[in-house]
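S.K.: Residue numbers (the working numbering), protein chains in the order written: chain G, 1 to 252; chain A, 253 to 504; chain P, 505 to 756; chain F, 757 to 1008.
The reader is advised that the hints may include incorrect statements.
[As the list claims (entries may be wrong)] Here are some chain F residues pointing at chain A (derived, C-beta under 7 Å): (1) Ser-802; (2) Lys-804; (3) Thr-805; (4) Thr-807; (5) Gly-808; (6) Pro-951; (7) Ser-958; (8) Arg-962; (9) Leu-988; (10) Pro-990; (11) Glu-991; (12) Asp-992; (13) Met-994.
Treat the hints as calculated values from the structure; they're not laboratory data.
All C-beta atoms in this analysis are idealised placements derived from N, C-alpha and C, irrespective of residue type, glycine included.
Below, each chain spelled out in residue letters.
Protein chains: 4
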Amino acid sequence: MIKKGSLLILYSTSDGKKFFVKNEETSFSTHLGIVNITDNLEYGVSIKTHTGNSFIVLRPTLDEIIMKIKRHTQILYPKDIGYILLKLGLRDGDTVVEAGTGSGALTISLAYAVSPSGKVFSYEKRKDFLEKAYKNILLSGFQDNVVLKNSDVYENGFDENSVDAVFLDLKEPETLIEKSYNVLKTGGMLGILVPTTNQVSSVLKRIQDFNFNDIEVSEIMIRKYKLVPERLRPEDTMVGHTGYLLFARKMI
Amino acid sequence: MIKKGSLLILYSTSDGKKFFVKNEETSFSTHLGIVNITDNLEYGVSIKTHTGNSFIVLRPTLDEIIMKIKRHTQILYPKDIGYILLKLGLRDGDTVVEAGTGSGALTISLAYAVSPSGKVFSYEKRKDFLEKAYKNILLSGFQDNVVLKNSDVYENGFDENSVDAVFLDLKEPETLIEKSYNVLKTGGMLGILVPTTNQVSSVLKRIQDFNFNDIEVSEIMIRKYKLVPERLRPEDTMVGHTGYLLFARKMI
Amino acid sequence: MIKKGSLLILYSTSDGKKFFVKNEETSFSTHLGIVNITDNLEYGVSIKTHTGNSFIVLRPTLDEIIMKIKRHTQILYPKDIGYILLKLGLRDGDTVVEAGTGSGALTISLAYAVSPSGKVFSYEKRKDFLEKAYKNILLSGFQDNVVLKNSDVYENGFDENSVDAVFLDLKEPETLIEKSYNVLKTGGMLGILVPTTNQVSSVLKRIQDFNFNDIEVSEIMIRKYKLVPERLRPEDTMVGHTGYLLFARKMI
Amino acid sequence: MIKKGSLLILYSTSDGKKFFVKNEETSFSTHLGIVNITDNLEYGVSIKTHTGNSFIVLRPTLDEIIMKIKRHTQILYPKDIGYILLKLGLRDGDTVVEAGTGSGALTISLAYAVSPSGKVFSYEKRKDFLEKAYKNILLSGFQDNVVLKNSDVYENGFDENSVDAVFLDLKEPETLIEKSYNVLKTGGMLGILVPTTNQVSSVLKRIQDFNFNDIEVSEIMIRKYKLVPERLRPEDTMVGHTGYLLFARKMI
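When you get a sec, could you build the whole thing from the sequences and use the hints?
M.R.: Structure below.
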């Protein structure tokens, strides 16, 4: 059964239109009639509107969830998320610490990576951000894998210990390298996202004060193509920059 | 306990050297003495060589496994794997079909994404490739999530039905679009990797004969930076091309 | 003296505003008063408006001219122009053939490269394009280095012979490779701009029928940065694609 | 007539092999016999070896000259040179100041841009660099457009005034912004090449102390393709980084 409050897709078999619906509404109006959202929906079932048109219920990809959540902070792109999850090497059952929560886009992604049995502890100083992020996490259906913490990590640090990974996505990550090192287990991965080259320099400098290894600084770029087979060419514009990624593994 | 036959890392706490070892050897020689590989190793434990030097046992990341397996086919890069897994939207319990197996790099990655309870059915015509791929999969420890099939998919197609995703990484994917469409469930994702623009055109053309949606053609590029904070700059050379990625979702 | 009809810049020394003015107007109105454009203007001189504000007369760069001309065809970008001129190896006194003229952006650039004593012969089938291009060329001041020809090159080919370079920027350049080869002198350079990969394939295939050497297919990408020294980062969006460039040198 | 001491290409009409020869040798040995280099050679002529094989004399492009000169400093790439010349907006007759000379690659390019009647004043502290650069400039044939100066610009600054452009390619360009500003005429262009982001930040910060306009920071990337029309794809590796380019125009 589809989790209450999570996002589902209603896909029209007549004209291919897609609607993203919260599994909490009792009905949803479309240009092809009203769809009743019943309690025991399953992905893949077909349901009819009151005017007899068919819709299929689909499970959204992580990608689609991220793109549909409400953002009050900088966007996190699929190109970056995919690489972050791979480099952190997260698996079912792992424990990961994140700061800050922001809109929860990465929180959802980390929860997805450690599900079904792992946990993400996500720290955010601003209570209003945390409340909005929680709503987004509900949409993803991964709330059981997330613990949100309303705390200032610059002041208070992290409560956990010996975690598999730490991810920092906030303004001054260089001031949290020591706290991150201490909360990681041996072999655990640190990941950091920063938008500017000045921050990369600050973080790189600070990382070298600790026993980290396998350090990498990189950017991921995606180039999309127009879908015309006989006139194949990249799209006219592309995303020029989202952020720089840093990874390092705690050794000793 | 660490799975028999899977890859582990021996990390020297004296000089930071890393060794990738198959958990099957009974002993492993290093420049700091011989390490006994016992039967009940756990990640994170510290073991001593016969000369008294310490090594810590670490779990390799997916990234590291992929980079360490023996390849007889084109390399698959982390930048691409991360994005593929995200776009396919795979989760614990999903079923995915892959052709061909090649060296098993993507097989391992797909298995990782659907573990602990999902399955990857991977097809490969060449028996010698399959045998080598199996050895690689053992290194990853994900063998329980993989079913290898020695069959020519161009001839015989796929045995499964209603799978969550299909991934094609072979020479003429355009001839397998119909078979892929048929084996996918509604809402299931098709992913394809091809090295040339001519193949992109052929696949795009063929995809439009079926009821696919959310079609995307893209390339992922990674740009790495030198690790010098006060002289930050990208590395002198970068990977110029691995392949073009195509994604599409089956819509009834 | 500044050429009649060519573009000049009026730069306000009070507030830094720039105006692009055709040296043909007798007066030009600004927010700081009316500037009289006299007959014997020189670059670098300072002139006053009727209200006593100063403007300096500047020579526009090729880059600025290209960006200011009126376009009825696809934009040609400085990143591509710079590389094209370099690869064609044009110098003062050279002769170059171009098809088609389009908006004249490349015509101006080629004329700039062969000036003061060289010539560009530019072919365009559409008379309306040619008239608009001529106006643009007048703005650049390089009209003495350009001969515009209203002719269909697919039908009629080129009138010149033994030229230093040929540049093709039209839909089916693969049908003009033979004509281009014939009009080039030994060692002369062929340059081609096409937007799609399919055209690259067609041209590459055809080029191999002739005795060309030093063949190159490439793309030029430019990534611009925000001008904030303490928060240095690339701009959020960038140009994703303009076109593919092909170069080849006629041998014997 | 081809300038004494400049580079020419001997191109074999039998097998397409190319030799770069200094027009100063009296004879040149090839696998197809010895070529006599006579005093009055012209580009395009055909000459025979002592065994009767034909070679054609070709003029090298700027691109080829740059690639053939002897380097003792970092390489300057065509992708960057093309864009630099365009942005500086140089023309026949212009005056430009350069520091440092390095191997002379950019000196040659600037001389090419202001030829036949313009001048490049190029400063270099190290006498040994200057001597090697001079030999390279001779190869290009543009020596009449270049004045080399053996002086430390950090100490002594520039002797010229009211020049059309200044180009800085040395370690601490931020310390030369004021001197560059002073030597430029109103509307003149400043160009700077630096390899690191830290230098970009330093220069950007300093530039803002002066009345510069039209400031741009950018990188040029080139992606080359394999020459196989039916299997079109980018090359496996590409240049990841050469340098960051900064441009600014002196106002008032």
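S.K.: Hints first: check each against the structure and report whether it holds.
M.R.: These are the hints, each one checked on the structure:
no.	hint	verdict
1	Ser-802	39 Å, violated
2	Lys-804	42 Å, violated
3	Thr-805	39 Å, violated
4	Thr-807	42 Å, violated
5	Gly-808	44 Å, violated
6	Pro-951	5 Å, holds
7	Ser-958	11 Å, violated
8	Arg-962	17 Å, violated
9	Leu-988	5 Å, holds
10	Pro-990	4 Å, holds
11	Glu-991	5 Å, holds
12	Asp-992	6 Å, holds
13	Met-994	3 Å, holds
Hint check: violations occur at hints 1, 2, 3, 4, 5, 7, 8; the rest are consistent with the structure.
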